[in-house]
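Could you build all of it, start to finish, from the sequences and the hints given here?
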Amino acid sequence: SQQGEEDPQALSIQEGENATMNCSYKTSINNLQWYRQNSGRGLVHLILIRSNEREKHSGRLRVTLDTSKKSSSLLITASRAADTASYFCVYMNYGGSQGNLIFGKGTKLSVKP
Amino acid sequence: GAGVSQSPRYKVAKRGQDVALRCDPISGHVSLFWYQQALGQGPEFLTYFQNEAQLDKSGLPSDRFFAERPEGSVSTLKIQRTQQEDSAVYLCASSLSGGTKETQYFGPGTRLLVL
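For the record, the sequence lines run as chains A and B. Every letter in the first sequence is one number past the one before it in this note's numbering, and letter 18, counting from 1, is 18. Every letter in the second sequence is one number past the one before it in this note's numbering, and letter 26, counting from 1, is 26.
The hints are simulated quantities; they were obtained by calculation from the structure and are not laboratory data. Incorrect hints may have been included.
[As the list claims (entries may be wrong)] Derived lysine to aspartate or glutamate pairs resembling DMTMM-like cross-links, with alpha carbons at most 25 Å apart:
1. A:Lys56 to A:Asp66
2. A:Lys56 to A:Glu15
3. A:Lys69 to A:Glu53
4. A:Lys108 to A:Glu17
5. A:Lys69 to A:Glu55
6. A:Lys105 to A:Glu5
7. A:Lys108 to B:Glu44
8. A:Lys70 to A:Glu55
9. A:Lys105 to B:Asp56
10. A:Lys70 to B:Glu44
11. A:Lys26 to B:Glu68
12. A:Lys56 to A:Asp7
13. B:Lys14 to B:Glu85
14. A:Lys56 to B:Glu102
15. B:Lys78 to B:Asp18
16. B:Lys78 to B:Glu44
17. A:Lys112 to A:Asp83
18. A:Lys105 to A:Glu17
19. B:Lys57 to B:Asp18
20. A:Lys108 to B:Glu85
21. A:Lys105 to B:Glu85
22. B:Lys14 to B:Asp56
23. B:Lys57 to B:Glu71
24. B:Lys57 to B:Glu68
25. B:Lys78 to B:Glu52
26. B:Lys11 to B:Asp24
27. A:Lys70 to B:Glu102
28. A:Lys105 to B:Glu44
29. A:Lys105 to B:Glu102
30. A:Lys26 to A:Asp66
31. B:Lys11 to B:Glu68
32. A:Lys70 to A:Asp7
33. A:Lys26 to B:Glu102
34. A:Lys105 to A:Asp66
35. A:Lys56 to A:Glu17
36. A:Lys26 to B:Asp56
In structure tokens, the structure reads:
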């Protein structure tokens with residue numbers, strides 16, 4: 001399987017704490033994306049980091065990428081109950097169609113108020 | 001603006017029944033993707049269209065699955081003779097041109113339950 005793997009599979013924290021999720025992938029990439037999925041808003045793109053970038057910020061999100069280790073991390077600072085969702089590390093498959101996404105199994109984050 | 005819409009949102013089918021799932025992509029988006037998401041898993045690619053051309057159907061699990069996009073906008077995913085293992089959420093996504101740096105915008109999905 002080409003799927004990436006997120007770690008941990010589930011994470012439960014208190015509101016205000018930081019949440020860190022990790023991802024490992026198996027192939028060469030041009031970029032890596034993180035998506036969030038919850039019952040209210042469905043699957044939503046959060047952030048994209050290119051292979052020549054090491055770190056990227058967007059609001060309370062910080063993403064790192066280490067292409068030598070084929071790994072990425074997503075940090076959510078000052079978490080809120082509304083951050084409760086599943087988070088997926090996603091990259092594109094270049095072997096097949098031009099841009100279908102490969103998803104991992106996701107990290108299920110629960111933020112308790 | 002309007003996002004990707006899918007209908008129906010929920011579908012219950014008896015085993016052996018045919019179903020048709022509809023996707024309305026964002027207006028003007030050239031590329032359209034279908035994904036299947038089993039419970040507790042991430043979405044998995046099924047098929048991809050660029051305009052009306054189906055460029056990749058390598059993810060379709062069997063010949064019971066068929067997708068079309070005849071006029072390059074609305075797409076339909078059809079599943080014939082449904083089986084219990086077809087129960088999943090079917091997600092549609094569209095992107096402006098389908099390039100490797102394009103963000104894909106997902107619809108809310110159709111949750112299919114085959115009894």
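We went through each hint and held it up to the structure:
1. Proposed proximity of Lys56 (chain A) and Asp66 (chain A) is supported: the alpha carbons are some 12 Å apart, at most 25 Å.
2. The suggested pairing of Lys56 (chain A) with Glu15 (chain A) holds, with an alpha-carbon distance near 23 Å, which does not exceed 25 Å.
3. At roughly 14 Å between alpha-carbon atoms, Lys69 (chain A) and Glu53 (chain A) fall within 25 Å of each other, so this suggested pair holds.
4. Proximity of Lys108 (chain A) to Glu17 (chain A) is assessed by CA-CA distance (about 16 Å); at most 25 Å being required, the pair is judged to hold.
5. Distance hint between Lys69 (chain A) and Glu55 (chain A) is fulfilled; the C-alpha atoms sit about 15 Å from each other, no more than 25 Å.
6. A hinted pair counts as satisfied when its Cα atoms are at most 25 Å apart, and Lys105 (chain A) with Glu5 (chain A) qualifies at roughly 7 Å.
7. As the CA atoms of Lys108 (chain A) and Glu44 (chain B) are separated by approximately 18 Å, the hinted pair is consistent with the 25 Å bound.
8. Using a Cα cut-off of 25 Å, the hinted pair Lys70 (chain A) and Glu55 (chain A) holds, with the two alpha carbons roughly 14 Å apart.
9. Distance check on the hinted pair: Lys105 (chain A) and Asp56 (chain B) sit about 23 Å apart at the alpha-carbon level, within 25 Å; holds.
10. For the hint pairing Lys70 (chain A) with Glu44 (chain B), the CA-to-CA distance comes to about 21 Å; that is within 25 Å, so the pair holds.
11. Among the hinted pairs, Lys26 (chain A) with Glu68 (chain B) is inconsistent with the structure: their alpha-carbon atoms are about 32 Å apart, more than 25 Å.
12. The straight-line distance between the Cα atoms of Lys56 (chain A) and Asp7 (chain A) is roughly 20 Å, inside the 25 Å bound, and the hint therefore holds.
13. With a C-alpha separation of about 12 Å, the suggested pair Lys14 (chain B) and Glu85 (chain B) falls inside the 25 Å cut-off, and the hint holds.
14. The straight-line distance between the Cα atoms of Lys56 (chain A) and Glu102 (chain B) is roughly 17 Å, inside the 25 Å bound, and the hint therefore holds.
15. For the proposed pair Lys78 (chain B) and Asp18 (chain B), the alpha carbon gap of about 7 Å is at most 25 Å, so the pair holds.
16. Between the alpha carbons of Lys78 (chain B) and Glu44 (chain B) the distance comes to roughly 17 Å, so the proposed pair stays at or under 25 Å and holds.
17. The suggested pairing of Lys112 (chain A) with Asp83 (chain A) holds, with an alpha-carbon distance near 10 Å, which does not exceed 25 Å.
18. This hinted pair checks out: Lys105 (chain A) and Glu17 (chain A) have alpha carbons roughly 23 Å apart, not beyond 25 Å.
19. With a CA separation close to 19 Å, the supplied pair Lys57 (chain B) and Asp18 (chain B) stays within the 25 Å bound.
20. Of the pairs offered as hints, the one joining Lys108 (chain A) and Glu85 (chain B) holds, with about 24 Å between alpha carbons and a cut-off of 25 Å not exceeded.
21. Between Lys105 (chain A) and Glu85 (chain B) the CA atoms are separated by roughly 18 Å; this keeps the pair inside 25 Å, and the hint holds.
22. This hinted pair does not check out: Lys14 (chain B) and Asp56 (chain B) have alpha carbons roughly 29 Å apart, beyond 25 Å.
23. For the suggested pair Lys57 (chain B) and Glu71 (chain B), the alpha carbons sit about 18 Å apart, so the restraint of at most 25 Å is met.
24. In summary, the hint linking Lys57 (chain B) to Glu68 (chain B) is supported, as the alpha carbons are separated by about 11 Å, within the 25 Å threshold.
25. Annotation: proposed proximity of Lys78 (chain B) to Glu52 (chain B) holds, straight-line Cα distance about 16 Å (limit 25 Å).
26. Restraint check for Lys11 (chain B) and Asp24 (chain B): satisfied, since their Cα atoms lie roughly 17 Å apart, inside the 25 Å limit.
27. With a CA separation close to 21 Å, the supplied pair Lys70 (chain A) and Glu102 (chain B) stays within the 25 Å bound.
28. Note on Lys105 (chain A) and Glu44 (chain B): the hinted pairing holds, with a Cα-Cα distance of about 10 Å set against a maximum of 25 Å.
29. Restraint check for Lys105 (chain A) and Glu102 (chain B): the C-alpha separation of about 22 Å stays at or below 25 Å, so the hint holds.
30. The hinted pair formed by Lys26 (chain A) and Asp66 (chain A) meets the criterion: a straight-line CA distance of about 12 Å does not exceed 25 Å.
31. Between Lys11 (chain B) and Glu68 (chain B) the alpha-carbon distance is near 19 Å, which keeps this suggested pair within the 25 Å criterion.
32. Pair hint Lys70 (chain A) plus Asp7 (chain A) holds up; C-alpha atoms about 14 Å apart against a cutoff of 25 Å.
33. Distance hint between Lys26 (chain A) and Glu102 (chain B) is fulfilled; the C-alpha atoms sit about 21 Å from each other, no more than 25 Å.
34. Distance check on the hinted pair: Lys105 (chain A) and Asp66 (chain A) sit about 20 Å apart at the alpha-carbon level, within 25 Å; holds.
35. Distance check on the hinted pair: Lys56 (chain A) and Glu17 (chain A) sit about 20 Å apart at the alpha-carbon level, within 25 Å; holds.
36. Proximity of Lys26 (chain A) to Asp56 (chain B) is assessed by CA-CA distance (about 22 Å); at most 25 Å being required, the pair is judged to hold.
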